[in-house]
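Colleague: Sequence:
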Amino acid sequence: MKSEGFFELVYQTVRQIPFGRVTSYGAIAEYLGTKGSARMVGWAMNASHLQPDNIPAHRVVNRNGLLTGKAHFGSPDLMQKLLENEGFVIENDKIKNFKERFWDPSKELDLD
DNA sequence: GGTGTGACCAGCT
DNA sequence: AAGCTGGCCACAC
Numbered sequence: 007m008k009s010e011g012f013f014e015l016v017y018q019t020v021r022q023i024p025f026g027r028v029t030s031y032g033a034i035a036e037y038l039g040t041k042g043s044a045r046m047v048g049w050a051m052n053a054s055h056l057q058p059d060n061i062p063a064h065r066v067v068n069r070n071g072l073l074t075g076k077a078h079f080g081s082p083d084l085m086q087k088l089l090e091n092e093g094f095v096i097e098n099d100k101i102k103n104f105k106e107r108f109w110d111p112s113k114e115l116d117l118d
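In my numbering, the protein residues as written are 7 to 118.
One thing to keep in mind: the hints can contain errors.
List time: in silico PhoX-like cross-link candidates among lysine-lysine, alpha-carbon distance up to 25 Å [said to hold, decoys possible]:
id, residue 1, residue 2
1, K113, K100
2, K87, K102
3, K87, K100
4, K102, K113
5, K113, K41
6, K41, K100
7, K87, K105
8, K105, K41
Quick caveat, the hints were computed from the structure, so don't treat them as lab data.
Kindly produce the complete structure, drawing on both the sequences and the hints.
Modeller: Here is the structure:
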């Protein structure tokens, strides 16, 4: 196995999020094996904008479906705009049908 | 190599 | 019910 940084693992997982789906930091953390450290995922996302690739960080929200990271985008409204562009219903900075749109990598994806 | 930090989560008060 | 605290682990200085 290549000793890639934890960040890149998060980026790869986020890239695998299908269009029109969202996931939570904790779900990604659990998928990567660091279940207890959802903060790591969020922190990795903090550097996502430093990556050359376009990371769909807007598809990653907290456990409550709340757009916690919207403030870290170019503009606070950018994240919501992107989500709405994908057909999401945002209400009070929260995904309305988050539960239906939730995408769990641990269930959808499989460990190589 | 210790300290600080972070876009979270769950539990306690 | 709502606010606060601790815990968790990887990365930067």
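Colleague: Each hint needs a verdict: does it hold in this structure or not?
Modeller: Here is how each hint holds up against the structure:
1. Simply put, K113 and K100 have alpha-carbon atoms about 23 Å apart, close enough for the 25 Å limit, and the pair holds.
2. For the suggested pair K87 and K102, the alpha carbons sit about 14 Å apart, so the restraint of at most 25 Å is met.
3. Under the criterion of a C-alpha separation no larger than 25 Å, the hint pairing K87 with K100 is consistent with the structure, at around 12 Å.
4. Proposed proximity of K102 and K113 is supported: the alpha carbons are some 22 Å apart, at most 25 Å.
5. This hinted pair checks out: K113 and K41 have alpha carbons roughly 14 Å apart, not beyond 25 Å.
6. Proposed proximity of K41 and K100 is supported: the alpha carbons are some 23 Å apart, at most 25 Å.
7. Distance restraint check for K87 and K105: the Cα-Cα separation of roughly 19 Å lies within the 25 Å cut-off, and the hinted pair is therefore satisfied.
8. With a CA separation close to 20 Å, the supplied pair K105 and K41 stays within the 25 Å bound.
The earlier numbered hints are all upheld by this structure, with none contradicted.
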